[in-house]
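Chemist: The lines below spell out each chain.
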Amino acid sequence: MSTRALRVAITVGVTAVSAVVAGLADPGGPAPGLIILGGGIVVGELLPLRPPVRGSVPLSFAVFVVLAGQTGLARYAVIVIVAELAASMLVEGAFISRVLRLAARLATATAVIGAVMAIDALVPDDTEVVQLVAALGGAVAALVVGDLLHAVGSRVRVRRGLQRRLPISLTGRSADLIIVSTAVLMTASVEGRDEPGFGLWGLAFCSIPLLMAWYATERLAAARTTYDQSIQTLSVLPEIVGWVPHGRATRVAQLSVEVGEELGLERWELDRLATAALLHELGRVCLDDPSGSAPDAIAGAGVQILSATDELSGAAAILEAELDPETAPVPYATAGAILTVVGAFEDASHGRWPESQAAAEEGLASLRPSYDVRTVRILETVLDSARTRP
Amino acid sequence: MPVEAGNDHPGQGSAYSACVAAAGGDFIVNVEFARTRVLTWWSGSLAAVTMAIAVSLAIAGPAPPIVPLLLLGALVACTEHLVLLRPPTSILGTGVMLSMTAVVVFRDDGALLGPMVVAMCGAVFVPHLRARAWAKIAFNLGYFGLSAAAAAAVYGALDPLGSTTAWRLVAGIPASAALVAVNLMLMTVLIAIRDGRTPRRVLFELAPGNLEVIPLALFGVLLGELALDLNALVVPLFVAPLVIARQTYSSAARLEAAHEAVLTTLTAALEVKDRYTAGHAARVAVFADYIADELGLGPRARRNLRFAALVHDFGKLVVPNSLLNKPTALTPEEFEVVRRHEELSRELLAGIDFLAPRASEVVGHQDVDDFEGKPTVAHVVAVADAFDAMTSTRSYRRALSQEVAFAELRDNIDVQFHRRCAEALIAAVTRRGEHYGAGYEVDPGAWPVPPPARGTGSAGLGDLAPGWEGAR
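Residue numbers (my numbering), protein chains in the order written: chain A, 278 to 667; chain B, 3 to 474.
Each hint should be verified, as a subset may be incorrect.
[What the hints assert, rightly or not] If we take Cβ atoms under 10 angstroms as the criterion, some of the chain A residues that face chain B in the derived model are:
| # | residue |
| --- | --- |
| 1 | 325 |
| 2 | 328 |
| 3 | 455 |
| 4 | 499 |
| 5 | 506 |
| 6 | 545 |
| 7 | 588 |
Calculated from the structure, these hints are not laboratory results. Beta carbons: idealized from backbone N, C-alpha and C, even for Gly.
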């Protein structure tokens, strides 16, 4: 059993025992239900949704919404604080990151109860529609606050981070849709309508799609991690052998992506450019003289290898655009030009540009006579920004 | 529709698997049955009977409430073709679940008509409409409609016997069974007609997959109770995360397949350097999968094993071509260069999380000396690698026969190979009726310089060739 599975199992066990004890001590009272919701918060923190292009979204966001609809402010605060403290002890990470995470969660939970109370205050009727609207408002508030905090916490330049994260993108917002729909559904099932309804059994039943979605995103995250690690492993192969300086692939990839961002390339174009940069030197493995062959031969061999699979064919097209920029299709020509300039800069600066301004200057000076002026200028801008970045 | 690598359906070649395979995994019957008159008449008759029943109910009985009807019908039409789950022998879509939801939701008004109409919306499959596959559409109309009607009839017969939620949930069990039974019967007739087989045999093959549908159908009953308690609008809220989960799961499967394709490409790069090992990594991966199948390992373990097998020789990418193809024995210095690829492989694999703990084992599998207990990744790769090495022609020696290779595996159990792995591979290859080694190689004559019949190069194993002096 994995560590996380063990922690989830312990949490569920402790919650169940506590709920039973509370039920015996206070039959028919709200305590067992509130304890179960508290346990749900802890479990939700251990099982975050990790969609591809967004920060992780803990399942506890949905439980905040349900809890906000079930109890008053004081009890809500107590349950959330206790549950989040318990979760902070169970999640992995350094002490400071756990403290920051706890603060972020409490801020999110505050936003949820605030939104629910505000909607209830604005619409005094206590109908089921109002309850569902309040749940919807609470879920949206949780996601917006969580997203903002993640953007800030990622230490991306705030203005650029907000510009990238707030625009609606279906791919990135699938996790939000899951949380919102499940939160509303759970609230509705627990509240019931004319009959008592499902109560907490409804909560359990309605968590099934949420857990299935969690499993699917975990599977995708694991596949993405393995894929990225495989690409990274292949990128360092020429470096391990000593054909190219250590760290070259990563430096070229990082710098190429930053130049591409400045040029306004889309996320998928940047991913393809990064892959091409990482695997740029892989063609050496096919050559009889891996360390002494001409750049064109290396790129050509790389094109042959990468074009054999659909997934890497885009990266292959970028390498091909490097070889023949005049005839390359437009989507690849720009990326190819970026890779050419950044690769030449890396070679001219002997890979010392991250720590030596003199090396960076030397590299830029060698580029100016021979390469695309606009790309060189943007490279200069990116290097200046990197120096001034905290 | 993504097919998970290695997720072979049991009974491969059975009518149901062929049906599923032809459908690309769609739960809607997308069989490519020949346009025979019998099948056409069968489909048309089914659709006609179903429509007649539906029209009669519409004339005779109370109409189901329109909003839930439209809502559930639209959901089924939009999501029926999306496979939700893939248990071992079946594929599950939303249609079954939502049909049972409709059975519960419409139990007071339009108890039969409502579920029939909702289920028949599943026949609205855009690819069929584009292709004007009217016979398929007709069959699906009857198939879905009659199944839902049967479920609704059973549920309706049992519902008045109790008034609690618990009883209604229990009544959902025989109703789900009725849905599955009618599904099974209609599909059996279709496949029996199409393939010219006995219905009994077809039924035996289809039954396990259909039984797995029952839990999903019961889900639908629960969802129906929830919709009755609250509002039918909660159904989309329940289905939306399932659909997103399905799409995400498909993305993961596609990425895993792409990942494997990337690794296969890299092995192709290796083969450019050393054509004598052309296909080696891919064959080792196949043999490792055979062993995993015999050992009963799950899909994730099999996937990890295939990956480990594909990458176990990656370090060879950095070995000079001249050494890889050298026909004579290597000098000690050259041997050290070749062995260095193992260190590099270890270093490379350490960068991949799930392989890092086992990197040394995978790369140095020939050095593993503990053969007690459960087989590890290294044990499996060692057997698969050795078998392929023996049954492939190399620059220093021609392929040995499969019998010699099997004997070598058996003779070195607990010395070089784990018993369970060796026996599993021998059993798998034998059961599949496959042949490797001398006489069964692809393009055995396509060498620029034919290698010696028996060699003494590194790992030559030439002394195992029958008739060689000193053979064991």
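Chemist: For every hint, state whether the structure bears it out.
Modeler: Outcome of the hint check:
1. 325: Since the shortest Cβ distance to chain B is 14 angstroms, the answer is violated.
2. 328: Result: holds, 8 angstroms to nearest chain B Cβ.
3. 455: holds (5 angstroms)
4. 499: holds (8 angstroms)
5. 506: holds (5 angstroms)
6. 545: violated (14 angstroms)
7. 588: holds (4 angstroms)
Checked against the numbered hints above, the structure violates hints 1, 6; every other hint is satisfied.
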